[in-house]
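Protein chains in written order, with this note's numbering: chain Z, 23 to 302; chain C, 23 to 302; chain F, 23 to 302; chain X, 23 to 302; chain P, 23 to 302; chain E, 23 to 302.
If you are wondering where the hints come from, they were derived from the structure by calculation, not from laboratory data. Owing to the predicted nature of the structure, the values given are computational and were not obtained by experimental measurement. Take these hints with a grain of salt, some might be off.
Given that identical chains are not distinguished, each listed pair holds provided it fits within a single copy or across any two copies.
Below 30 Å or equal to it, Euclidean Cα-Cα: the simulated DSBU-like pairs (lysine-lysine) are [unchecked claim]:
hint, residue 1, residue 2
1, K252, K138
2, K205, K134
3, K138, K35
One-letter residues, chain by chain:
Number of protein chains: 6
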Amino acid sequence: MTDSNSDRAAAQKPFRRLLLTGAAGNLGTQLRGALAAWADVVRVTDIAPLGEVADHEEAAIVDLADEAAVHALLEGVDAVIHLGGISVEAPFEDLLEANIRGLYNLYSAAQKQGVKRVVYASSNHAVGFHPVTEVVDIDAPLRPDSLYGVTKCFGESLSRYYFDRFGLETVCLRIGSSFEQPKNPRMLVTYLSYRDFIELVRCSLFTNRVGHAIVYGVSDNRTKWVDNTKAAFLGFRPQDSSVQFEHLFRVAAPTADLDDPTQRFQGGAFVLAGPMEPKR
Amino acid sequence: MTDSNSDRAAAQKPFRRLLLTGAAGNLGTQLRGALAAWADVVRVTDIAPLGEVADHEEAAIVDLADEAAVHALLEGVDAVIHLGGISVEAPFEDLLEANIRGLYNLYSAAQKQGVKRVVYASSNHAVGFHPVTEVVDIDAPLRPDSLYGVTKCFGESLSRYYFDRFGLETVCLRIGSSFEQPKNPRMLVTYLSYRDFIELVRCSLFTNRVGHAIVYGVSDNRTKWVDNTKAAFLGFRPQDSSVQFEHLFRVAAPTADLDDPTQRFQGGAFVLAGPMEPKR
Amino acid sequence: MTDSNSDRAAAQKPFRRLLLTGAAGNLGTQLRGALAAWADVVRVTDIAPLGEVADHEEAAIVDLADEAAVHALLEGVDAVIHLGGISVEAPFEDLLEANIRGLYNLYSAAQKQGVKRVVYASSNHAVGFHPVTEVVDIDAPLRPDSLYGVTKCFGESLSRYYFDRFGLETVCLRIGSSFEQPKNPRMLVTYLSYRDFIELVRCSLFTNRVGHAIVYGVSDNRTKWVDNTKAAFLGFRPQDSSVQFEHLFRVAAPTADLDDPTQRFQGGAFVLAGPMEPKR
Amino acid sequence: MTDSNSDRAAAQKPFRRLLLTGAAGNLGTQLRGALAAWADVVRVTDIAPLGEVADHEEAAIVDLADEAAVHALLEGVDAVIHLGGISVEAPFEDLLEANIRGLYNLYSAAQKQGVKRVVYASSNHAVGFHPVTEVVDIDAPLRPDSLYGVTKCFGESLSRYYFDRFGLETVCLRIGSSFEQPKNPRMLVTYLSYRDFIELVRCSLFTNRVGHAIVYGVSDNRTKWVDNTKAAFLGFRPQDSSVQFEHLFRVAAPTADLDDPTQRFQGGAFVLAGPMEPKR
Amino acid sequence: MTDSNSDRAAAQKPFRRLLLTGAAGNLGTQLRGALAAWADVVRVTDIAPLGEVADHEEAAIVDLADEAAVHALLEGVDAVIHLGGISVEAPFEDLLEANIRGLYNLYSAAQKQGVKRVVYASSNHAVGFHPVTEVVDIDAPLRPDSLYGVTKCFGESLSRYYFDRFGLETVCLRIGSSFEQPKNPRMLVTYLSYRDFIELVRCSLFTNRVGHAIVYGVSDNRTKWVDNTKAAFLGFRPQDSSVQFEHLFRVAAPTADLDDPTQRFQGGAFVLAGPMEPKR
Amino acid sequence: MTDSNSDRAAAQKPFRRLLLTGAAGNLGTQLRGALAAWADVVRVTDIAPLGEVADHEEAAIVDLADEAAVHALLEGVDAVIHLGGISVEAPFEDLLEANIRGLYNLYSAAQKQGVKRVVYASSNHAVGFHPVTEVVDIDAPLRPDSLYGVTKCFGESLSRYYFDRFGLETVCLRIGSSFEQPKNPRMLVTYLSYRDFIELVRCSLFTNRVGHAIVYGVSDNRTKWVDNTKAAFLGFRPQDSSVQFEHLFRVAAPTADLDDPTQRFQGGAFVLAGPMEPKR
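Isolated chain Z (complex conformation) (with noise of 0.2 Å):
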């Protein structure tokens, strides 16, 4: 019948069922195409609005500081590509409901669903008060720049551990600047292209074997602060690079000014945005 042959052709994709949180963000919404290809059911949530649902998806309104709805939305699922959360400084307390409680519900839910792999979203602010001098490697000391850096630390150790006691794998992205073009000429070292973000979200996914791994999520930019030799396992090799977009910045002799931390860190505008006052 037509069921069970659309059952078959879905059968030969790689995954069952995928989850992607954060769907209506920036990157989630450029993610959600190439999922259809790597998925017979992709489960899309968000606190926001999920736009068109397409056939192949199953869509989910949810607060992730909501444990039993969390614990709901695992079940059933293979892997998750989790981008939800807050991905900008933010009061402590936003903070704390989004990425720390949000994330252990997350864990908590995935481990108990037998959920084999979660893609992360880390960034590249848990180690943004490293100098713009040094290029850091995966083994780099944690520099969180931001008490939202703070938090990304938090998933990455919170994801070490049940990694560790669990055996449920992880993949720490941490993400540069993913946007259409780079904004300011900090985001030329930092900038990751759609397309390359995509591919290693690919590579996290389909490496057969991650552990516990993590990745700086950068093109082959001209100047790189970040080194990701020991992370070649998971076979990423970006193809694109922001040299094409260094003519949108004026060629300008070095602001050498010493004392401004948003010159002298890797974290840039981040080393100076927190802690924020709660909106009250």
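Got chain Z; can you put chains C, F, X, P and E on it based on the hints?
Using the frame of chain Z, we list chains C, F, X, P and E on its own:
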């Protein structure tokens, strides 16, 4: 007059006012006596009763999750010895309040009140998933062995951020097992005598500059899983050893059960203790 | 006369006489053609029939465990490409004769005959018990994945000794999987094209000084488990990649069986292949 | 009854049966006494006469190259202290039988008989071609200084394989010079007192988990070429020093003959001792 | 007016005034053209005649050992490209004046005049006594191969001091062999094309913050002795390679003379060039 | 005869003739006595008066910048202890003569006269710009804290060159603060007792081979900024500690002025001492 005389005498102590959190606990009780010599005023706090309060002490019952109370607690404080919070595996919800929200409150208040230094009771459980056949130094990757351990990693990241951002110094003490005597063979390795613990706090408070430091809190035991070489600038030289307690445990052939995580990893029983279900 | 003319022509080749062991094997066959351009005379040897012998070739059927025969074989040789011996898991007794006694005979004879350099076919199975989630460089600790791998470690140690003791140079090629094309997904990572293999031998022979070098023999595949940075003085820059063969294998979700050693370790099926019982 | 009483008493010793190979040698003789306290039964073996056999001992004259005899030897054994084989430079043929074939027989039998741990007498000659102006730790690259040293490298690789493959634990003791007293100035650096040797074996047997460990066997001599920091999990703390023997050697200006390998390398006279011709 | 118009145009160039020392030399001549695009005014200096002076150039014949002249030379300068001094082995007395006293004068003046950055022509001869069988990164220990190399080490130390003390930034270019084409086989490894040299200077001048950086100046040659990974923050990606010149040198078997220092060490002939006697 | 008798007696001392430069200084004076036991003849030199000259001594007033005089001074010398030159911050011109030209003269003469070894008084000020919250080992990057420190870096590079080029061995002593007792709290960390200083020189002279070695000259003080592990082949084991002097300095709360370089860096007051203007 008498007052001004005693003022002068008091003024000869190195610190004006120290804050000790977790003052009612095992280690807090040990430390309370020593602090009298180091500060004119010792503010002691806990959520449990604090017992008899000495002349040089100020006592306050405070829940660290209570933001306003914590800000009041930090007023006029030179330096903090933070032993408060939960120090064993516990349901995530409890750890979130005590060790995450509570710690944020502490640092947020410390920074605003101009506190110069925090001595933070981290734990060897921040790296407890390293195998017992390795020796970890202070740059070893984080490997929390429990949700409790994850919260200690959070504390190390948060305090790093406050140092990089504001210059608020912290010494993270990765305390082993500080009891009257070791309670099991594993503690022969992780034992920290009370005397050595107090000396470690002394070094952490009085070393002129510490930046953001990490140091293992263990006595000079025969067997070592940790290496403090890179923390030698703190001047901590333990005087005690667990050798005197080795006779307490029967000498036995190795229990080489290759699959028992509590024997394979430095964290011992902690590695299986979590995650705990909330008490409902 | 004609003879002396051709002598002069021949004399323009860089080497006077090269010895190729294992010349009847898969890689030996590939290499035989290339050697014609590099040496006036190529002495080819194997325990198996060597097929048609070209004008510039000298053929000899020799068992490497035969000490006297090996000493004769090395006479008048400038350099050796040693592909001989057993290159898969085998009973220890067989490995002992071919890869241990045979190798000792080769080095003992080479040293006595004044040979200057050996290009030694070591194997990635000398380090095959490293997990697939690590990238190993040429200083990584030895982790043989089979008795075969142990004999390759022996070869690396023995050749190191002959270099330190007598200055006899060796390049140890830790060859991955050099076949017409990858035979399974693991070989997408370990694939070494024939062209790149020949280039690797060329670099090993012609680099002016190599000391005792170790280098991984893999093409520029997308996924990498090895890092040749410290061997860059050999000038090996692979031209091929297994990307063209990825379509041969069905894209599938990870088979995250945490307990399957053939998936966890770089050596793949080798890690379970041994020890083999002798055929009696 | 008497029997059952003594059985019970015996049962209080940590090991049921230990096997000591090389029991008739210098170090074997030293150790034999100590083993009485650690095991109900001590099986002692050598190719040389074993002298008087104590009540708790089982004696067997065995050639390690005799596969069947070795398998019988390992029956019912908890752990092995393997001092057997050749411990000086010798013709390769002899080393092959004693230190390669013999060692394989030992491990093959140990694995099949369910032995849990081997304490293996490796040697500083596995790294003897490191210069005397370096301090090597346990991860230093192998640099055998003799064919004997090459066989010790073989032993370290083989035992690593048996650990990774079967979980059979080994501690490789890179023993320096363990004699009544140093016989030359070099031995002031490599001296291991008999008392410290016995303690090193004790640590190797009784540490609960050792995995595959490497440790240098030297006393706390004034001058050090080795660094055991990473082996501190074994708890070996030497009590003796060669300082008491320094007076035996005339204080002299350095013999700075830059070209004398026996002065340049840690292996001393070993670096020139081999390869030895077979005695024919 | 014309003046003010050209002023405005000029003002659009990134630098106001650059100083180029050694402007009459081989590399200075190459660079002079490129600088026109980067600065309104290029001050060129040498002790040799400077040829035709362009409109945007200011020329000055100055001996760097002349303190007062050097201070005048640095007035009004934004950044310096320092190619001046002696760039080959020479009698110590000459090196002392040009490369030590002269360099001190330059930095002393630069600091007093508020110069922000120096691009300093160091040399691979600062590390030329590393063997050709090693790949050195930018943290490799200094191993000068000549008195000239010693003065380059001095320059790296002096510039480090001026950065740590005053924040005056320097990029030390460890230039290989920058000529029209390689002159001998060694230069196939150390070759730096003129185009890549100019790009390296461009990166060194325009990277926003460089601190005190070290980078090897070599093109993307097939064989590499150096590793610039840790300098990737400078964005230097060489476009050229010496491969096109390999045909110039006859392919030959290795000249494995173990005792020839010019073949053993990266510095080549420099390692025997000094110390030179003064010309008297 | 009497002469020949005393010759024979003298011949029993390890060295025939030692040269001590800087013999009139603080440390030179300390050392002079000890040298009597180590050499038949001790040649002492300084630019200042040398006081009473003992029977076994040869005294010479020499300016190290006087090339001819230095060459004469080195005649017939086995080994040199070079304490001469300037040991505090000074105008560059003075440092250039004493510590650069003077040092070159010394090494040039030593090499020509066949001297075998130099014990060179380098300084912790060669690495004084490392922060006080780090522990530096002997491979730590050079971070001179003064022009004086830069000249000590020069000395380490120059002596490295003479070793690599000619085999002339040097031990660079990075001496801390060697006085009767510490003069300020910083010196509690850098204190080197006179007894330990003399022992350090003894080790440097009598260790059979030293190559080009670097070692920190500090006693076994409680707080350490340096790590001599890699120099353990010298056998230096300090006997003294500054603990006995801690009572001299008032125990105070940290002076956590984040911007005071003299508190932040190991070099203490040196980091601000230079560059000094010449005395004109």
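Quick rundown of the hints versus the structure:
1. In this assembly of identical chains, the alpha carbons of K252 and K138 lie at most 30 Å apart only when taken from the same copy (23 Å versus 34 Å across copies).
2. Taking CA atoms no more than 30 Å apart as the test, K205 paired with K134 passes in neither setting, with 41 Å inside one copy and 33 Å between copies.
3. In this assembly of identical chains, K138 and K35 lie within 30 Å of each other by CA distance solely inside one copy; the values are 17 Å within and 46 Å between copies.
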